[in-house]
Structures are given as structure tokens and as C-alpha cells.
Amino acid sequence: MPDQTIKELVVISGKGGTGKTSVVASFAALAQNAVLADCDVDAADLHLVLGPKIVTRTDFSGGKLARIKPELCTACGKCRQLCRFDAISGGDNNGDKCVIDPIACEGCGVCAWFCPAGAIEFAPAVNGEWFISQTRCGPMVHAKLGIAQENSGKLVSTVRREARAIAQERQLDLLLVDGSPGIGCPVIASITGADAVLIVAEPTLSGLHDLERVADVARHFGVAGMVCVNKWDLNPDIASRIEQEAPQRGLTLAGRVRYDPVVTEAQIRGLSVVEHTREGCALDIRQVWARVLEGLRAGTDHK
Amino acid sequence: MKIAVSSGKGGTGKTTVATNLAITASEQGIRTAYLDCDVEEPNGFLFLKPDIAESRQVNVSVPRVDLDKCVGCGQCGRICQYSAIVSMNKQVLVFDELCHGCGGCMLVCKAGAITESFIPTGRLDLGRSSQIECVQGLLDIGRAMSPPVIRAVKDAAPDAELLIIDSPPGTSCPVIESVRGADLVLLVTEPTPFGLNDLKLAVDMVNALKLPLAVVINRSDIGNDETRMFCHNQNIDILCEIPFDRRVAEAYSRGVPACRALSEQGRVYADLLKKIMSRGGANA
Chain V
540 MPDQTIKELV VISGKGGTGK TSVVASFAAL AQNAVLADCD VDAADLHLVL GPKIVTRTDF
600 SGGKLARIKP ELCTACGKCR QLCRFDAISG GDNNGDKCVI DPIACEGCGV CAWFCPAGAI
660 EFAPAVNGEW FISQTRCGPM VHAKLGIAQE NSGKLVSTVR REARAIAQER QLDLLLVDGS
720 PGIGCPVIAS ITGADAVLIV AEPTLSGLHD LERVADVARH FGVAGMVCVN KWDLNPDIAS
780 RIEQEAPQRG LTLAGRVRYD PVVTEAQIRG LSVVEHTREG CALDIRQVWA RVLEGLRAGT
840 DHK
Chain G
5 MKIAVSSGKG GTGKTTVATN LAITASEQGI RTAYLDCDVE EPNGFLFLKP DIAESRQVNV
65 SVPRVDLDKC VGCGQCGRIC QYSAIVSMNK QVLVFDELCH GCGGCMLVCK AGAITESFIP
125 TGRLDLGRSS QIECVQGLLD IGRAMSPPVI RAVKDAAPDA ELLIIDSPPG TSCPVIESVR
185 GADLVLLVTE PTPFGLNDLK LAVDMVNALK LPLAVVINRS DIGNDETRMF CHNQNIDILC
245 EIPFDRRVAE AYSRGVPACR ALSEQGRVYA DLLKKIMSRG GANA
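Protein chains in written order, with our numbering: chain V, 540 to 842; chain G, 5 to 288.
The hints are simulated quantities; they were obtained by calculation from the structure and are not laboratory data.
Treat the hints with care, as some may be off.
Said to hold, decoys possible - Just some of the chain G residues that point at chain V, by a computed CB distance under 10 angstroms:
#1 Pro46
#2 Asn239
#3 Leu243
To be verified - Subject to a maximum C-alpha distance of 35 angstroms in a straight line, what follows is the list of computed DSBU-like cross-link-like pairs (lysine-lysine):
#4 V/Lys608 <-> G/Lys53
#5 G/Lys6 <-> V/Lys683
#6 V/Lys617 <-> G/Lys94
#7 V/Lys693 <-> G/Lys278
#8 V/Lys636 <-> G/Lys114
#9 G/Lys214 <-> V/Lys608
#10 G/Lys204 <-> V/Lys592
#11 V/Lys693 <-> G/Lys214
#12 V/Lys693 <-> G/Lys279
#13 V/Lys603 <-> G/Lys279
#14 V/Lys617 <-> G/Lys6
#15 V/Lys592 <-> G/Lys94
#16 V/Lys683 <-> G/Lys114
#17 G/Lys114 <-> V/Lys693
#18 G/Lys73 <-> V/Lys683
#19 V/Lys603 <-> G/Lys158
#20 V/Lys617 <-> G/Lys73
#21 V/Lys693 <-> G/Lys204
#22 V/Lys683 <-> G/Lys214
#23 V/Lys693 <-> G/Lys158
#24 G/Lys6 <-> V/Lys546
#25 G/Lys278 <-> V/Lys603
#26 G/Lys204 <-> V/Lys603
#27 V/Lys617 <-> G/Lys204
#28 G/Lys158 <-> V/Lys592
#29 V/Lys603 <-> G/Lys73
#30 V/Lys608 <-> G/Lys278
#31 V/Lys636 <-> G/Lys94
#32 G/Lys279 <-> V/Lys608
#33 G/Lys94 <-> V/Lys683
#34 V/Lys592 <-> G/Lys214
#35 V/Lys617 <-> G/Lys114
#36 G/Lys53 <-> V/Lys603
#37 G/Lys6 <-> V/Lys693
Think of the CB as a built atom: it goes at the ideal place given N, C-alpha and C, for glycine as much as any other residue.
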């Protein structure tokens, strides 16, 4: 099956703002045969650099939402008593009809199931939208979670699945995934089953702490991990400490990238760093990319 | 007064602003509490360094099935929207990591075969840093859902005149859980294309929650003017602009709060605090 030759790299960070998206955009420009996927669905930025032309757009429904039909509600308050998410008000002794706060609603459907008056509608909710696009660096799948919506993990899984389908169809052998910060649901949905993660770390105590936690998550889900230290020269001591401790966390080293104001300049021009310049941190990123490709090959050969 | 410090984009300086505000307020004699609701990656304690007086486990509710009582009706699997409980021929499987704890399966089981059990999902640390009461939450490695831990942090909030909530980045459930109920959401951004894009998403989210908001522009001398224009056009107050200072970045990297590292930073946060407190007065 062609599927087995596709390699999937997810760029994550634990801590936000360490430079994930800038790194992914440069990788996208350097890679050949890659499908790009932006899995940071609640604050996606990769499209700002890659300028995708949207080819298809599809509504995403990750779950259902409950809504009271006021004409049927008897204000008995049963739903409010059963809701564990404090999403329902009304139905008290004042005779006020029940109201569901759609933002607090977890979509469990308990209220609709038990409403004695059958006054609660429980229907699929549109939680966002996902797109297949064309960029100068190849096809890209990305998404936008609706305002104050849930189910970002399911939307992440959708983006990855569609990106893989495109890779199979067009015989492209690399999936390059921009992940989200943190260690919770969208991150877990981004990395499970991937060939490797690259963790972009910054040389600060916060960065070190957050790297340790996200590296543990990668290990917990059995995904091979690499680390690169971005803006390493802001604190060379902590940069060295990150590199020394990496093996204990099961991480291999992918190199260092210096602090360089050109990163912001490139962003403003709508270019990746390596397209914007051939000097400074662009040199570092090219070296990291070479090591990541090596690591990806070595890592998957073990399987 | 409850202030939530949030942002769409990560790494814009939420924890820097939240911890410096907490220190500044407490040094002015305001009874201050700091809650780190970024339970996936909490960092505030690296700066405040509180003495931890107590740690508590945070549990979430999951169903447990007594197969001797189960009649195989399958109702539990039907009500569950998360595929966390699956019933096939009197075999019932429970997937704890998918359970949202809604309690539906227990309510629907007529045979009384399902009882509520609790499993750990995280930890709370409570402590004090000079005069600041501090609480942080930590989601256990491998657990997907942070909102229960965030709720636990907020439930443990000490009584204070000024409560500062350090939120996770983004715009989805964990952020909403953190900022809900705040008197003011302070959105920290940087004036770059990424910062602005994510600020717009965060503004939409805060507006959907109908909460008052204001903006802090960090590293205000990088990037371009579009963030200021956006705030101006949307009538959003920019409470302060903090220029990039490599000395601040280096102090941050060692876990030293900016207001302690540089006296001019102390004045920045004193000024910001004054603006925040005067808004609180206006709302009250």
C-alpha cells in the first residue's frame, strides 16, 4: 500500500509562541512532495504565510447541541437539575421557561432525553469549517473552529485524515502538520499515530518546563520525538540544558535556531523565513530541516 | 474584581502580564490572588515561586458497570454522545478517556447497573508568595480534557480584592472555561500578522461570551501598526504598550518577573494596574 511510505511529522511546542508556525512554513518551502496540514484549529496562522487558494470548503459538525422549544417548555426545571455543565437556567419557581446557554452546553443530550414535555431539540451543530487549498508549497488542509465552539480534537482528526487522503491520491510522501500549543485534546489528536513530532522549544524556564510535559505526552502515545531550540541565544545556558536533558526525555536533537528579527519581517511580507532570506536564522532552519528528514527516515526504519 | 489575562496566540506574554500585575497589586496592599488556569502548561509559579501549602488531586466522574445487574438493554450506549460507553450483548465497555462525565448512562440505566466512580485527571497546588494567594492546576500527562481541572482551580479561588486568572492560549473550551465570569478580559497580543489574526479570533470569542475586554500590546515596537488600527476601529481600549526589551526577555528566561528586574517595568505595571482598577470602579 502506498500509505506505508507516507511519513507524518507534527510540529508542536507545549508552550505557545515558540515559533512552530514559522518553522512549519519554512519546512513547507523546503520540502518537496509534502501535504501541509494546519491542526492549530482554534488559532490557525499558517495560511497567513502560505496564502492558500481555497479549492473546497466543508462544514464541520463534531457533535450536537440542545435547544429549548419555548412553546413546549413547561418550566418544570428537570433539565436544569440534570445538566452537569450549568448550561441551563430558568425552570425555577418563578415559572420562567428554561434556557440553554449554547456556549456552556457540552452536547451530552441528557436534557433532551429526559425532558418530560419533549421540549428540547437535540440536533447536529456546525462547529467550524475545513478547507482543501492549493499553496505555492503544495496542497494544504486547514480549518477554522467556529467562535466559542467545542470539539477541536475531532476537527484536528478530520484535517489529518483529509491531508493523508490527498497524499495518497497524489502520491506525495510527507505530511507536514502544524500542531497547537498545550498537551490536551487537540495536541493528542494531532500526534497519535504520527511518525514523529518535532518540538520547538525556547530557552526559558517556562520553555523547559513545558517541553518536559509535552515530551512526556509524545512518549505516552509512543510517538518518536525530536527537539530544536529556537531563539537559543536568548539564554545559552538553558539552551544547553534542554539539549543535555533531551535524551532522558526520549528526544533526539534537531539543532538550534538563533533569535533573529527577520522572522517578523518575513511574516509581514507573507513569506516563510527561508523564502525571505538566505542568511541568519534561515541558515539554521535549513540545517534543522536536514536533520529532521534524517530523523524521520531513521525513526520509521526502526518500525 | 476578577481579571482574566488571555490571548489567541501563545507566547504573547500572558503569564508575564498576569504575574507582574499580581506582584504590583500585592505590593500596593491590595489583597491579591493568582490562579493559573493554563493547566496544560502552567508557568506562573516559576515566577511567583509560592510556598506550596497543599496539593489536591482533581478527579473526574466516570461510570462503572456491574455486569451481574446489567440486562443488556443498550440504553447507556444510546444516550452517550461521546462513544465512551458501548454495550453489545451484555458486554459493556467503558472508555474513561472519552467520558465527559455527563451522568447520562447512570440516569438511563433502569437496572441500576451503573454507578459513578472517580478517577484522577490532574492536580491542584495551593500556596502563597509573600502576600499573593496562588493556585495552579496541572492536567495529568495523557489526559485530553482540561476544563475539569480549570473548574477545580476556579472553585479553589481564595477570597481576594483582585483575582488574576492566567488563561491558556487559543479560543476554544479551555479558554472559555478560564475567562467565564471575569469582570474584564485582558487580551495580550503582539503587533504582528500572527498576533493580530489570533487577537481577532479572541475578540470574537470574548464578545460571544459578552464580557468586557481590553488589549495589552506586548513587544509593541516590532511588527506593524495594523493591530492598533484594528483596536481603534473596533473601539477596543489599548491599556498599555510594552516595547521589546532584551533584558526583560533574559530575566523572563530565568524566571525573574520584569517588575523586579527593571524599575521602569515596575512603573509600566503600576500604570496598567491603575487603569484596570479604575475600569472596575466604573463598572461597579
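Outcome of the hint check:
no.	hint	result
1	Pro46	holds (8 angstroms)
2	Asn239	violated (19 angstroms)
3	Leu243	violated (20 angstroms)
4	V/Lys608 <-> G/Lys53	violated (51 angstroms)
5	G/Lys6 <-> V/Lys683	holds (30 angstroms)
6	V/Lys617 <-> G/Lys94	holds (30 angstroms)
7	V/Lys693 <-> G/Lys278	violated (43 angstroms)
8	V/Lys636 <-> G/Lys114	holds (29 angstroms)
9	G/Lys214 <-> V/Lys608	holds (23 angstroms)
10	G/Lys204 <-> V/Lys592	holds (21 angstroms)
11	V/Lys693 <-> G/Lys214	holds (27 angstroms)
12	V/Lys693 <-> G/Lys279	violated (41 angstroms)
13	V/Lys603 <-> G/Lys279	violated (42 angstroms)
14	V/Lys617 <-> G/Lys6	holds (32 angstroms)
15	V/Lys592 <-> G/Lys94	violated (51 angstroms)
16	V/Lys683 <-> G/Lys114	violated (41 angstroms)
17	G/Lys114 <-> V/Lys693	holds (31 angstroms)
18	G/Lys73 <-> V/Lys683	violated (45 angstroms)
19	V/Lys603 <-> G/Lys158	holds (27 angstroms)
20	V/Lys617 <-> G/Lys73	holds (27 angstroms)
21	V/Lys693 <-> G/Lys204	holds (23 angstroms)
22	V/Lys683 <-> G/Lys214	holds (21 angstroms)
23	V/Lys693 <-> G/Lys158	holds (27 angstroms)
24	G/Lys6 <-> V/Lys546	violated (47 angstroms)
25	G/Lys278 <-> V/Lys603	violated (44 angstroms)
26	G/Lys204 <-> V/Lys603	holds (26 angstroms)
27	V/Lys617 <-> G/Lys204	violated (38 angstroms)
28	G/Lys158 <-> V/Lys592	violated (43 angstroms)
29	V/Lys603 <-> G/Lys73	holds (31 angstroms)
30	V/Lys608 <-> G/Lys278	violated (46 angstroms)
31	V/Lys636 <-> G/Lys94	violated (40 angstroms)
32	G/Lys279 <-> V/Lys608	violated (44 angstroms)
33	G/Lys94 <-> V/Lys683	violated (41 angstroms)
34	V/Lys592 <-> G/Lys214	holds (34 angstroms)
35	V/Lys617 <-> G/Lys114	holds (18 angstroms)
36	G/Lys53 <-> V/Lys603	violated (43 angstroms)
37	G/Lys6 <-> V/Lys693	holds (32 angstroms)
In this structure, the hints that do not hold are numbers 2, 3, 4, 7, 12, 13, 15, 16, 18, 24, 25, 27, 28, 30, 31, 32, 33, 36, in rising order.
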